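Visitor: Here are the chains, one letter per residue:
Number of protein chains: 4
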Amino acid sequence: MATAIESDISKGTTNKRQPAKPVRVAVAGASGYAGGELLRLLARHPFARLAHLASSGRDGKSASPIERVHPALRGQTGLDCQPLRLDDFSPSRMDFVFLATPHETSAELAPALLARGLRVVDLSGAFRLKDSEAYPRWYGFEHHAIPSLEQAVYGLTELNADEVQKARLVANPGCYATSSILALAPLLRAGWIDVAAGIVCDSKSGASGAGRSPNQKLHFPEVNENCRAYSPFGHRHVPEILQALELEEKKFTFTPHLLPVTRGILSTIYVRLALPRALDEVVSLFKDFYARAQLVRVYGDGALPEIQSVAHTNYADIGFAADRAEGATRLIVVSAIDNLGKGAAGQAIQNMNLMCGYAEETALA
Amino acid sequence: MATAIESDISKGTTNKRQPAKPVRVAVAGASGYAGGELLRLLARHPFARLAHLASSGRDGKSASPIERVHPALRGQTGLDCQPLRLDDFSPSRMDFVFLATPHETSAELAPALLARGLRVVDLSGAFRLKDSEAYPRWYGFEHHAIPSLEQAVYGLTELNADEVQKARLVANPGCYATSSILALAPLLRAGWIDVAAGIVCDSKSGASGAGRSPNQKLHFPEVNENCRAYSPFGHRHVPEILQALELEEKKFTFTPHLLPVTRGILSTIYVRLALPRALDEVVSLFKDFYARAQLVRVYGDGALPEIQSVAHTNYADIGFAADRAEGATRLIVVSAIDNLGKGAAGQAIQNMNLMCGYAEETALA
Amino acid sequence: MATAIESDISKGTTNKRQPAKPVRVAVAGASGYAGGELLRLLARHPFARLAHLASSGRDGKSASPIERVHPALRGQTGLDCQPLRLDDFSPSRMDFVFLATPHETSAELAPALLARGLRVVDLSGAFRLKDSEAYPRWYGFEHHAIPSLEQAVYGLTELNADEVQKARLVANPGCYATSSILALAPLLRAGWIDVAAGIVCDSKSGASGAGRSPNQKLHFPEVNENCRAYSPFGHRHVPEILQALELEEKKFTFTPHLLPVTRGILSTIYVRLALPRALDEVVSLFKDFYARAQLVRVYGDGALPEIQSVAHTNYADIGFAADRAEGATRLIVVSAIDNLGKGAAGQAIQNMNLMCGYAEETALA
Amino acid sequence: MATAIESDISKGTTNKRQPAKPVRVAVAGASGYAGGELLRLLARHPFARLAHLASSGRDGKSASPIERVHPALRGQTGLDCQPLRLDDFSPSRMDFVFLATPHETSAELAPALLARGLRVVDLSGAFRLKDSEAYPRWYGFEHHAIPSLEQAVYGLTELNADEVQKARLVANPGCYATSSILALAPLLRAGWIDVAAGIVCDSKSGASGAGRSPNQKLHFPEVNENCRAYSPFGHRHVPEILQALELEEKKFTFTPHLLPVTRGILSTIYVRLALPRALDEVVSLFKDFYARAQLVRVYGDGALPEIQSVAHTNYADIGFAADRAEGATRLIVVSAIDNLGKGAAGQAIQNMNLMCGYAEETALA
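Protein chains in written order, with this note's numbering: chain A, 217 to 581; chain B, 217 to 581; chain C, 217 to 581; chain D, 217 to 581.
Just so you know, these hints were derived from the structure itself, not from any lab. Among the clues, some could well be false.
Derived lysine to any residue pairs resembling SDA-like cross-links, with alpha carbons at most 25 Å apart [claimed, not checked]: (1) A/K467 x D/E464; (2) A/K237 x A/K466; (3) D/K466 x A/A541; (4) B/K466 x C/R488; (5) A/K503 x C/R284; (6) C/K237 x C/R256; (7) A/K466 x D/S306; (8) C/K503 x A/G291; (9) D/K382 x D/R332; (10) C/K466 x B/R493; (11) C/K466 x C/F357; (12) A/K503 x A/K466; (13) B/K467 x C/A494; (14) D/K467 x A/D539; (15) D/K466 x D/Q432.
None of the values given here were measured: they were computed from a predicted structure.
Pulled out of the complex, with its shape left as it was, chain A reads as follows (with noise of 0.2 Å):
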């Protein structure tokens, strides 16, 4: 159990790293799912101060009151919804922006808002790979912002601090990406896996994942009462996953999955160990590599994660099964987010308070 100064802290109410200067935020994009789980979060935030929301979602042309918007933020934000306008971001109003908007205007949101002195968390895709030259491909457009695109950090919050405590903008993860790259690089940095007999990633994920503009996929009957697999071999989660873990693309087989829930992704990973290892020590690796991690649960008791144990909470889980439990070869790691969480708003957040000096998990935990 947290101590009483730690309950504290994630509760918000102390902060022992820093006191607890406010910070003014903007969420563009707030008319999508992720920017709704913002805006939630950011209501509970006790250094958070709402200053602007915009999006380019709805007719674009006039504010929208919240509710028309996100029906359960009903009197939540104090703010109306304003049309996207680049003119409405400025330090004078704010200090932080959050980008929930597709991945080409983010691309170009950016650098005018990091120009301006503003720091920003991108929860596009559009700062993630590293190789510029990768987003025809995997995202269908030329990037243009190079210079910002170098400048920004990986946002996986577990594995660059350090990086985005000093970062003026964070890519923030893929949720599928944040899903298999938590679940495998304990292992991977520790050299335990064969990576030459491939490693399968099988993850299933809710519906909400695939943003909320409406298309016949989506559409509830659908999804409803129904599984399907789609786009196997080539999901654009899959080069960051590579860049993240420095895979080669053959060696990753990686098949994502749509279920009929709104929010969660499980991910069922299969590798070969590349020498037979107790289940123990596979846990101990992990404790210790997450030891610091507020938000990560390593599951020491047998029990795998399911998607009810981290939904509507920022946790990523992860859980263990062998082949036998002395001296495994075949291992399953399976890691559980909620998709909006730990997937997408959660973790923007979770990047925000270490970009400000807050504790990682505060609104959070």
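Could you slot chains B, C and D onto chain A? The hints should help.
Guide: Same frame as chain A, but now just chains B, C and D:
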């Protein structure tokens, strides 16, 4: 239980009423949910031969393999889905047309098809209201096919079997209307309801009732883990209910709700009885009323129908609860149908069966 | 929008009414859904300190790590769940007890806890009905704790705030009752309803409202893709609704329905107005009535609450539809709550907040 | 498309292979989900006559009207569900028995039924494993019906049609096993898989696969909005898969998952090819292998089967994805079945059809 002979009839192997002459059938609007259900049912109809499929729903330009339109029907129809062109409908190729098209499209197509000598069951609302002047208010368009409107038979099979048999154009009832009318007709025709006290019908429908076109309100995460009332005092199935039951608008309060299920309608209907009645009397009234209806199941054991009682069937199930077993004055009638079965495609085929002289329940029970 | 100060209150960082003295809290019945939600909320309550968890639900013999009981709470409570033993509840360890226990267990435990000087919020029905003789009919047991029953305050916070503040035993209202009473109290107290015409309340609830014990009716495939009415004219929340609203049983028809969702209640309530009223008047009546209620949201824009408007919150949302905007006589009131939030655990904490002098909405908004 | 004659066969109106002699059928274990699905299918089987229904599931003492057992089957069977008594099974009343009973019950009943001259399809696991010594490990009981075990034919129709036709006892395959074996048999028998590299089968199943007995893990709120892996390296369908595919346990990694849907299994299977193959070659291999199988649909258009492709049908659908179209070495095979259809009751009837000389797909397509 059905006798062996009845059972054979319902399985379609024999037909006592008349020798089963095959019917060649076309479906316009094949790409929607009602269209797909029609195809599924027709594929196992012993006397129907599918002659033509058409849809304006996809690109509208080229034929689509059926599995692109309805993945579950892969290999089932032997026909591609063609663009919707009036010229393709001709008595040389077919005898019968199902229109599962938008209201205005049906209003245009039906007269032309009738003129060519084809018989038509229209699943839209285009021919349900006898009063053509009601169309602008309830359906948002001016009705110009007055002769067809006058000729159309309202195809609630259980109430209008004789007329349906002779009809050339049947207006297949709305799903909510079917659910409401079947539950109220016996009581109203017997004069048992205190109509002055008002009737409340609280209906709950699965999302397939709203059609297959993507829109924000039917996006998976908006429907899932949700339930909402909509169109209070204004749903377009109200006028056909009033017409069929000869009720004044102010005496009938109807509220539809959207359920996070794909198929099914449950209507909970609240009436006040003019005189106290034993629950047994109510059951008898309904059993007598529906004595010849093969596809209405009246519950006499105190159970209440559920959506699962009827999903994926063509049954309309009706049950009762009262404020006391003897001398009830407050009565609740609960009816359940599958909105795509008895509420749409199944009922359309039931109508076709009557029109073609087949047993009513052929391919449906 | 809340002012900055109100916002800080609701986030729990300050409290203008009185300095926030921590409260030590125990939860009996921690293994059920309401118990789990209490723990989740208490974990982020700035002034509550969890002192003891107990449950008779598991083997009843040994302590269980919390993650065995509620996988999502892994690492959240710092306490194991103990077997339920009266001896463990003592003022030396705690100030306050939540009973999320079965009705009869609560009826036995509460007097003993009160006798030890502990304050109690009971989430069962054991202390909701003033008339002890009603218990055999509605709850199936004879009530023997008459003094506690007399002392108990019905904890519908919005109606009874003053009494709740001083109470030592609060009977937390039923979920359906909360949903119904909040939607009807303003109209009934104003005398606007034609009560003689009868009131119909058609309520729809998520399955968590039926508790966590496995049974056939709540087995996943029986609830999924289904909706059913149950307990017509006989649900045990009816008597507390009649008591709170001072209605006769024959004037109030209540039908609960089971929805295939986990959380939430939507009530569609049909009333006849004694005199025609403009919809705006109705909105004003409710806004005035709930002017000081932080957790009731009255909709004045014609929208209707949905389950998603309130799921995972403690809000009660209320909206309206009428047969005409001016001079309405048929009025529909739609209310939505989360059955585990405002309908159970959230409301219990709201009551605790008042009893302890904290801002009503602490840890809830 | 099926020709007209094939179509008639599948509708059951004629049978070219032999004149259709009716079969009298009993179902033991009628109260479970597989039992209910058997009844639903038998009710529309043109040659089956339901002779007896029995279940030990309810009170086990008196007959139950079928609607108490399966609400959807009200009026469908003409028979009550009787307590399960061996004496009721006799060749004077029936020819054929489906056992949808627990494993141990089946192990006891089958030999007795065979001794009476009845033919049996057993849907449990009692006769699937050739090695009687495997039962204690995988099923938790000692198998004593060795002669029946030796006599039993593994009823995966597509692989064993000839043996099934002559069998007196058919062991109907497990749902996961059906899904896995059909997807792998063509590749393994052709020797195309690099077995040494290991095969990973990640399967996702609807909750009806876990049976109808209530338990905590299948309680609605525990399954809804959730997905979880279970029984890693230990599911009891593994040994029948290994047996049918002649694989070593260490070469086959199988992880079942529970989906929040009622029906359907989706298996995503990862194999490494021994030699690079074009995707077209793979499709051809499967099309040839299943050329005579009426109920397997091989996808040659790049689409992948979904649960909705097969729910409420008896089809097994199989599709493919590869790391490249030409020269693929990493291949994903996706298979989908309805766990109650092809995975249980449908396949049982498919076996009965063969055993009785009816067209394989009678009542199923």
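Visitor: Provide an ascending list of the numbers of those earlier hints which the structure does not satisfy.
Guide: Going through the list in order, the structure violates hints 2, 7, 12, 15 and respects the others.
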